[in-house]
Amino acid sequence: MGFENIVLGFHIAITPFNLLVAVVGITLGTIIGVLPGLGGANGVAILLPLTFRMPPTSAIILLTSLYWGALFGGAITSVLFNIPGEPWSVATTFDGYPLARQGKGAQALTAAFTSSFIGALFATLLITFFAPLLADVALHFGPPEFFAIQALTFSSFVGLGGGDPVKSFISIVVGLILAAVGLDIVTGQLRMTFGLTPLMSGFDFIVAVIGLFGIGEILVSVEEGLKFDGARTKMNLKVVFETWKTMGRYWRTFLRSCIIGFWMGFKPGGATPASFMAYAFAKRASKHPERFGKGELEGVVAPETAAHAAGVAAMLPMITLGIPGSPTAAVMFGGLIIWGLQPGPMLFKEQPDFVWGLIASMYTGNIIGVLMVLAFVPFFAAILRLPFAILTPFIVVICAIGAYAVHNNMIDIWYMIIFGVVGYVFKKLDYPLAPLVLALVLGDFAENALRQSLIMSQGTLLIFFRRPIAAAITVLAIFFLALPAITLWRRRREQRRVVR
Amino acid sequence: MRTADIITASLLTLLGAIVLVEAVRLGFRWGPDGPQSGFFPFWLAVILIGHGMAVVIRALRRHSDQPFVTREQFRSVLTVIGPAATMVLVTQFLGLYVASALYLGFYVRRVGHHSWTTALGLAVSLPVVTFVIFERWFLVPLPKGPLEAWLGY
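Read top to bottom, the protein sequences are chains C and B. Just so we're aligned, residue 0 is where the first sequence starts under numbering that gives the first Met the number 0, counting upward by one. Just so we're aligned, residue 0 is where the second sequence starts under numbering that gives the first Met the number 0, counting upward by one.
FYI, nobody ran anything at the bench for these hints, they're computed from the structure. For each residue, glycine too, the CB sits at the ideal point set by N, CA and C. Keep in mind that the hints are not guaranteed to be accurate.
[What the hints assert, rightly or not] Beyond 12 Å from chain B on every Cβ pair, some chain C residues (computed):
(1) N4
(2) L19
(3) P131
(4) L138
(5) F240
(6) E241
(7) W243
(8) A279
(9) K282
(10) K286
(11) I336
(12) L383
(13) R384
(14) P467
(15) R490
(16) R491
[As the list claims (entries may be wrong)] As a list, the in silico SDA-like pairs of lysine to any residue whose alpha-carbon atoms are at most 25 Å apart:
(17) C/K427 - B/I80
(18) C/K266 - C/F478
(19) C/K426 - B/L77
(20) C/K427 - B/L77
(21) C/K348 - C/L125
(22) C/K426 - B/I56
(23) B/K143 - C/I410
(24) C/K427 - C/L159
(25) C/K427 - C/G162
(26) B/K143 - C/W413
(27) C/K426 - B/F67
(28) C/K426 - C/F202
(29) C/K266 - C/A484
(30) C/K426 - B/I17
(31) C/K427 - B/E71
(32) B/K143 - C/I389
(33) C/K426 - B/A84
(34) C/K282 - C/R255
(35) C/K348 - C/P54
(36) C/K266 - C/L487
(37) C/K348 - C/L132
(38) C/K427 - B/I48
(39) C/K293 - C/V239
(40) B/K143 - C/L390
With the rest of the complex left out, here is chain C (with noise of 0.2 Å):
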């Protein structure tokens, strides 16, 4: 049934304009991820009002292209200047870099640049046959279950995001309160707007994402005394086959972290875990783990096979369930919702073009991805060589130019300005950002979906527990809601343990 599906897909995905499109979302994604305050889900932000006019399909080929380009683009930076683009990056500093200042840098990015393409292949392989499955599932959801899988997304982020979990359900609640915010399409009412004009159209999530993102990633960079030391490396032919003739002892490791990242990737939060469990496993598995941190290569597969299975899987729920899994997969959710797509199991149904597309320019725009960075990453790694008065201001203009686009609206550069600041002092404290941007965007449909949910249920939660599905999801979105408090109890009887 699936075959001729993805059939249909590669027609559309290999189109030269749909070719060209993902030849320019990699190169421009890719110089999005190598530069500081310019990562994925801020790239796609800024660029999204560059697509409101193409084809919904060429759009999310160029979105997810340089969601791809991004991911090469921070394994450049992590490797050759020990900075990570993306959270989930950091990881591939631990070896990456050690290698590159022992001159083997070529060896790494390739190394890199491979297990990337590797998981990513991996994680496509299996949205191909998973996602028209878990779409024929979700197509039977009503309001308690897709309020309950809400519910397990931002549970998910409080219990298995690796922060402080009273901090990461403050973020939840800040953004699903800034999306209250303007008219309530239920009842028609203005929601805390206190009589503001500005305030009446409510905050847009692409904003907040550029500020946050943006804006807050610069300010949190300059603080630092941003100094670039760059390794410098060679890449040539030689060194990629050789070092591709190394890979295969790594299968394990490759195995053993597509099917971690991909399990993360899907349920949200998931990247960054993912990349350190990766790491993590690989160096408990490994007959020499005191070469790990020091600059073995195996440290680089790892992490960054998990890291691009798990930014491919956080595509699944997203064109299934219409829950996106990351930051980036919430502002391609934007987007579909600006082409006039609804995202969700319908999009099966009655955009086949669209889904198949999308899934068939996985592997093409990471074939494209992954040579085009092996051959180009000198390019690349001379744009962070750029002296940074001279990148601050420019990628400045550029989120301005973003913020602004989206409803050519003034006051939205100002939000972002301000979104900027709240950014990066919640970056200083530990509140994490990715779910406060979810939050934003998932925030009408949570609040619509439990209402309706109420009114099935003439006001009673027990809905959310006699349903069978809703019930499963809820109760495993409770179960992560209280695993710190779980975790804390376990530890400190421990503790009491060891004092007696």
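With the hints as your guide, set chain B onto chain C.
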């Protein structure tokens, strides 16, 4: 870090309180045809107040640690956010193209201490390239001011 933590969490708690008042005004109970407008915000506000206070209490019990920002760090943050905010203000009157040109020129020359040629070159070329990409290719209009009006756009 501790003081900043307390201030931020207190502000968030205050935000929660404002939302709570607003939710009560909107009505947070069961209306004639389902939950009222304030229902969802009400519970969000309750959670926010609870967790905000938890952060404050936790921070109060902790000992003071390193400062949130050193004077030097704060200065470098200000050199970025100050000109950026000024640019946004100027955009309001002169349009984005002129504002970004002034901003780029200023930043590259004064903060980066690059040569006048570099500063002027960048200040002119970036807005021109932006104009071609956005207004011409993608038909996305950006804020314009008197200069663009004088040039006939």
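Against the structure, the hints:
Interface exclusion of C/N4 from chain B stands, the closest Cβ pair being 32 Å apart, more than 12 Å. Against chain B, the non-interface label of C/L19 holds: every CB pair exceeds 12 Å, the least being about 14 Å. Taking the minimum C-beta to C-beta distance to chain B, about 33 Å, the non-interface status of C/P131 holds against the 12 Å cut. Non-interface status of C/L138 relative to chain B is upheld: no Cβ of that chain comes within 12 Å, the nearest being about 25 Å off.
Residue placement check: C/F240 keeps its beta carbon more than 12 Å from all beta carbons of chain B (closest about 39 Å). At the 12 Å boundary, the C-beta of C/E241 stays outside the reach of chain B, the nearest C-beta of that chain being 41 Å off. A cut-off of 12 Å between C-beta atoms confirms that C/W243 is not in contact with chain B; the least separation is 38 Å. Against the 12 Å criterion, C/A279 stays outside the reach of chain B, whose nearest CB is about 28 Å from its own CB.
Every beta carbon of chain B lies more than 12 Å from that of C/K282, the smallest distance being close to 30 Å; the non-interface claim holds. Residue placement check: C/K286 keeps its beta carbon more than 12 Å from all beta carbons of chain B (closest about 40 Å). Non-interface call for C/I336 relative to chain B: holds, since the shortest CB-CB distance, roughly 19 Å, exceeds 12 Å. With a closest Cβ-Cβ approach of about 16 Å to chain B, C/L383 is found to remain outside the 12 Å limit, as its non-interface label requires.
Listed as a non-interface residue, C/R384 keeps its Cβ farther than 12 Å from every Cβ of chain B; the least gap is roughly 14 Å. Residue placement check: C/P467 keeps its beta carbon more than 12 Å from all beta carbons of chain B (closest about 24 Å). Every CB of chain B is more than 12 Å from the CB of C/R490 (nearest about 16 Å), matching its label as outside the interface. Consistency note on C/R491: stated as away from chain B, and its beta-carbon is indeed over 12 Å from all of that chain's, at 16 Å minimum.
Restraint check for C/K427 and B/I80: the C-alpha separation of about 16 Å stays at or below 25 Å, so the hint holds. Annotation: proposed proximity of C/K266 to C/F478 holds, straight-line Cα distance about 14 Å (limit 25 Å). Restraint check for C/K426 and B/L77: the C-alpha separation of about 17 Å stays at or below 25 Å, so the hint holds. Note on C/K427 and B/L77: the hinted pairing holds, with a Cα-Cα distance of about 16 Å set against a maximum of 25 Å.
Taken as a hint, the C/K348 and C/L125 pair is honoured in the structure, with Cα atoms around 20 Å apart against an allowance of 25 Å. Taking the CA atoms of C/K426 and B/I56, the gap is about 20 Å. The hint holds against a cut of 25 Å. As the CA atoms of B/K143 and C/I410 are separated by approximately 15 Å, the hinted pair is consistent with the 25 Å bound. Distance check on the hinted pair: C/K427 and C/L159 sit about 20 Å apart at the alpha-carbon level, within 25 Å; holds.
The straight-line distance between the Cα atoms of C/K427 and C/G162 is roughly 13 Å, inside the 25 Å bound, and the hint therefore holds. Only pairs whose Cα atoms come within 25 Å are accepted, and B/K143 paired with C/W413 is accepted, the gap being roughly 16 Å. Of the pairs offered as hints, the one joining C/K426 and B/F67 holds, with about 12 Å between alpha carbons and a cut-off of 25 Å not exceeded. Restraint check: the Cα-Cα separation between C/K426 and C/F202 comes to about 20 Å, which is no more than 25 Å; the hinted pair holds.
This hinted pair checks out: C/K266 and C/A484 have alpha carbons roughly 21 Å apart, not beyond 25 Å. Pair hint C/K426 plus B/I17 holds up; C-alpha atoms about 24 Å apart against a cutoff of 25 Å. Between C/K427 and B/E71 the CA atoms are separated by roughly 16 Å; this keeps the pair inside 25 Å, and the hint holds. The hinted pair formed by B/K143 and C/I389 meets the criterion: a straight-line CA distance of about 24 Å does not exceed 25 Å.
For the hint linking C/K426 to B/A84, the alpha-carbon distance of about 20 Å falls within 25 Å, and the restraint holds. For the hint pairing C/K282 with C/R255, the CA-to-CA distance comes to about 12 Å; that is within 25 Å, so the pair holds. At most 25 Å may separate the alpha-carbon atoms for a hinted pair to count; C/K348 and C/P54 meet this at roughly 19 Å. Distance hint between C/K266 and C/L487 is fulfilled; the C-alpha atoms sit about 23 Å from each other, no more than 25 Å.
Taking the CA atoms of C/K348 and C/L132, the gap is about 12 Å. The hint holds against a cut of 25 Å. Between C/K427 and B/I48 the CA atoms are separated by roughly 21 Å; this keeps the pair inside 25 Å, and the hint holds. With a CA separation close to 21 Å, the supplied pair C/K293 and C/V239 stays within the 25 Å bound. The straight-line distance between the Cα atoms of B/K143 and C/L390 is roughly 24 Å, inside the 25 Å bound, and the hint therefore holds.
Checked against the numbered hints above, the structure breaks none of them.
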